[in-house]
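With the hints as constraints, model all of the structure from the sequences given.
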Amino acid sequence: MSDHYFNNQPQVKSEEITITSYLRGEEKKWISDRGVFSRKEVDFGTKTMLDVFEWPSIEGNLLDIGCGYGVVGITLAGETDQEVYLTDVNERALQLAQKNADKHRVNNVHVIQSDLYQGLGTQTFAAILSNPPVRAGKKVVHAIIEDAYSRLKTGGELWVVLQKKQGAPSAKEKMEAVYDEVELVKKNKGYYILKGKKH
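If you're matching positions, the sequence shown starts at 1 in full-length UniProt numbering and goes up one per residue.
Just so you know, the hints here were simulated from the structure itself, not pulled from any lab data.
Misleading hints may appear alongside valid ones.
[What the hints assert, rightly or not] Pairs of lysine-lysine residues, derived as BS3-like cross-links and limited to a Cα-Cα distance of at most 25 Å, are as follows: (1) Lys164 x Lys186; (2) Lys164 x Lys139; (3) Lys172 x Lys187; (4) Lys28 x Lys103; (5) Lys28 x Lys189; (6) Lys186 x Lys138; (7) Lys197 x Lys139.
[What the hints assert, rightly or not] If you anchor each label on the Cβ, the simulated ranges turn out as follows: (8) Glu83 x Asp147: 14 to 22 Å; (9) Gln113 x Arg135: 15 to 23 Å; (10) Lys139 x Glu27: 32 to 40 Å; (11) Asp115 x Pro169: 23 to 31 Å; (12) Gly121 x Thr20: 31 to 39 Å; (13) Thr154 x Ile17: 37 to 45 Å; (14) Lys165 x Arg105: 35 to 43 Å; (15) Tyr22 x Lys165: 32 to 40 Å; (16) Lys187 x Lys138: 15 to 23 Å; (17) Tyr22 x Arg105: 27 to 35 Å; (18) Phe44 x Glu79: 34 to 42 Å; (19) Phe44 x Val12: 36 to 44 Å; (20) Glu181 x Glu59: 14 to 22 Å; (21) Asp102 x Tyr22: 16 to 24 Å.
Fair warning: this is a prediction, and the values are worked out from it, not measured in the lab.
Glycine included, each C-beta is placed from N, C-alpha and C at the ideal position.
Written as structure tokens, this is what we have:
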């Protein structure tokens, strides 16, 4: 059976590398490894979402769900005093996310193993961001979208990046069925950045 980044424990041998990316106007270095999503470079969709992300008008914590090695949450943690939560099922990804949080010296980051929202208690957030694991299937992607609504504060926002060919139009339809306001923030090289707002 092939080894997927959304497994709890990748079986491939660890081989850590350091990669460099330019995000939100700054050059950043990341520790990556085999068995995690987009190991050799920060993927284009994540970069695009970070480039266009704007903080919601309300105050509150942020959640990076399916965080991988922590690019989204850690990048944004450096811009806020609010608490930032990073969750994933992949243990290796979580270890890398913690290493990267330490590397970037962000003290407001909490790395948690969680299958979707299960490990978060009753917490609510001002913003939830996700580059969802499309290879885990449409059901998982739609669960991330649907279940985020109850996790958002009033005025909170879900930001999602998906490729058109990997289900962005159906994800947009799902968001329109759940959220009070949905915006296609940007289309870039087949990637859709979608924002759903809770009133």
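Right, here's what the structure says about each hint:
no.: 1; hint: Lys164 x Lys186; result: 12 Å, holds
no.: 2; hint: Lys164 x Lys139; result: 17 Å, holds
no.: 3; hint: Lys172 x Lys187; result: 13 Å, holds
no.: 4; hint: Lys28 x Lys103; result: 10 Å, holds
no.: 5; hint: Lys28 x Lys189; result: 23 Å, holds
no.: 6; hint: Lys186 x Lys138; result: 21 Å, holds
no.: 7; hint: Lys197 x Lys139; result: 21 Å, holds
no.: 8; hint: Glu83 x Asp147: 14 to 22 Å; result: 20 Å, holds
no.: 9; hint: Gln113 x Arg135: 15 to 23 Å; result: 19 Å, holds
no.: 10; hint: Lys139 x Glu27: 32 to 40 Å; result: 37 Å, holds
no.: 11; hint: Asp115 x Pro169: 23 to 31 Å; result: 26 Å, holds
no.: 12; hint: Gly121 x Thr20: 31 to 39 Å; result: 36 Å, holds
no.: 13; hint: Thr154 x Ile17: 37 to 45 Å; result: 42 Å, holds
no.: 14; hint: Lys165 x Arg105: 35 to 43 Å; result: 38 Å, holds
no.: 15; hint: Tyr22 x Lys165: 32 to 40 Å; result: 26 Å, violated
no.: 16; hint: Lys187 x Lys138: 15 to 23 Å; result: 20 Å, holds
no.: 17; hint: Tyr22 x Arg105: 27 to 35 Å; result: 19 Å, violated
no.: 18; hint: Phe44 x Glu79: 34 to 42 Å; result: 21 Å, violated
no.: 19; hint: Phe44 x Val12: 36 to 44 Å; result: 23 Å, violated
no.: 20; hint: Glu181 x Glu59: 14 to 22 Å; result: 19 Å, holds
no.: 21; hint: Asp102 x Tyr22: 16 to 24 Å; result: 21 Å, holds
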